[in-house]
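Construct the complete structure from the given sequences, taking the supplied hints into account.
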Amino acid sequence: GAGVSQTPSNKVTEKGKYVELRCDPISGHTALYWYRQSLGQGPEFLIYFQGTGAADDSGLPNDRFFAVRPEGSVSTLKIQRTERGDSAVYLCASSLGGRQETQYFGPGTRLLVL
Amino acid sequence: SQQGEEDPQALSIQEGENATMNCSYKTSINNLQWYRQNSGRGLVHLILIRSNEREKHSGRLRVTLDTSKKSSSLLITASRAADTASYFCGISGYALNFGKGTSLLVTP
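Line order of the protein sequences matches chains E and Y. Under my numbering, the final residue of the first sequence carries the number 248; numbering is consecutive throughout. Under my numbering, the final residue of the second sequence carries the number 691; numbering is consecutive throughout.
Everything labelled a hint here was simulated from the structure, so no lab data went into it. Check before you lean on any hint, since a few could be wrong.
Stated by the list, open to error - Taking CB as the label site, the calculated pair distances span: (1) Leu230(E) / Lys639(Y): 17 to 25 Å; (2) Asp190(E) / His628(Y): 32 to 40 Å; (3) Lys151(E) / Leu644(Y): 40 to 48 Å; (4) Asn144(E) / Ala664(Y): 21 to 29 Å; (5) Lys609(Y) / Arg215(E): 20 to 28 Å; (6) Ser161(E) / His640(Y): 23 to 31 Å; (7) Asn605(Y) / Leu230(E): 22 to 30 Å; (8) Asp190(E) / Val627(Y): 17 to 25 Å; (9) Thr650(Y) / Leu230(E): 21 to 29 Å; (10) Thr186(E) / Glu600(Y): 43 to 51 Å; (11) Ser622(Y) / Arg218(E): 17 to 25 Å.
For glycine and all other residues, C-beta sits at the position ideal for the given N, C-alpha and C.
Structure follows, in structure tokens:
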């Protein structure tokens, strides 16, 4: 079956611009996660959705970052007023139930802020 | 929140040898998940081991968990060049948190 997909694969933007990153989880998975990975580091947790609601957004670095999942399936990570330090690979994962279950990752979106 | 800390940071072996990498953590966990990552792209799930389990196998992979020592190990037997990747342990307690990973290089 189809895995987690993310679009775009790569995004180049200029400092100060707004970007949206999309994640399509595995069909039927109720839990969805966003992570950010900088070069040479492990993935860093950003936010976790259970259904439509953000069950845990403690990893979002500041209020420029926001994520939605309005129908409990596709999610969009939104970054306002991008900064060069936002450059990273943004990974999405989904799991069948809660965060105690296996998470399946998408290929990521590589964001470069110039 | 706590992270898993993998060691060594880098490991270089020849094809056919076994590779062992370790993960340590600080507080109690519900489960621990090992992942592989090629070239900075998506993580591929390898094995999930729960806190009440001590050992799990999957093909050439063997994972152990010692909750008294707060550590886990991943053993890859009879390694292949295709096993070259970064390996991460994800600690599942409050949130799934990863360390910096072990970079494994398997040379022919």
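Go through the numbered hints given earlier and state which of them the structure violates, listing their numbers in rising order. 2 and 5
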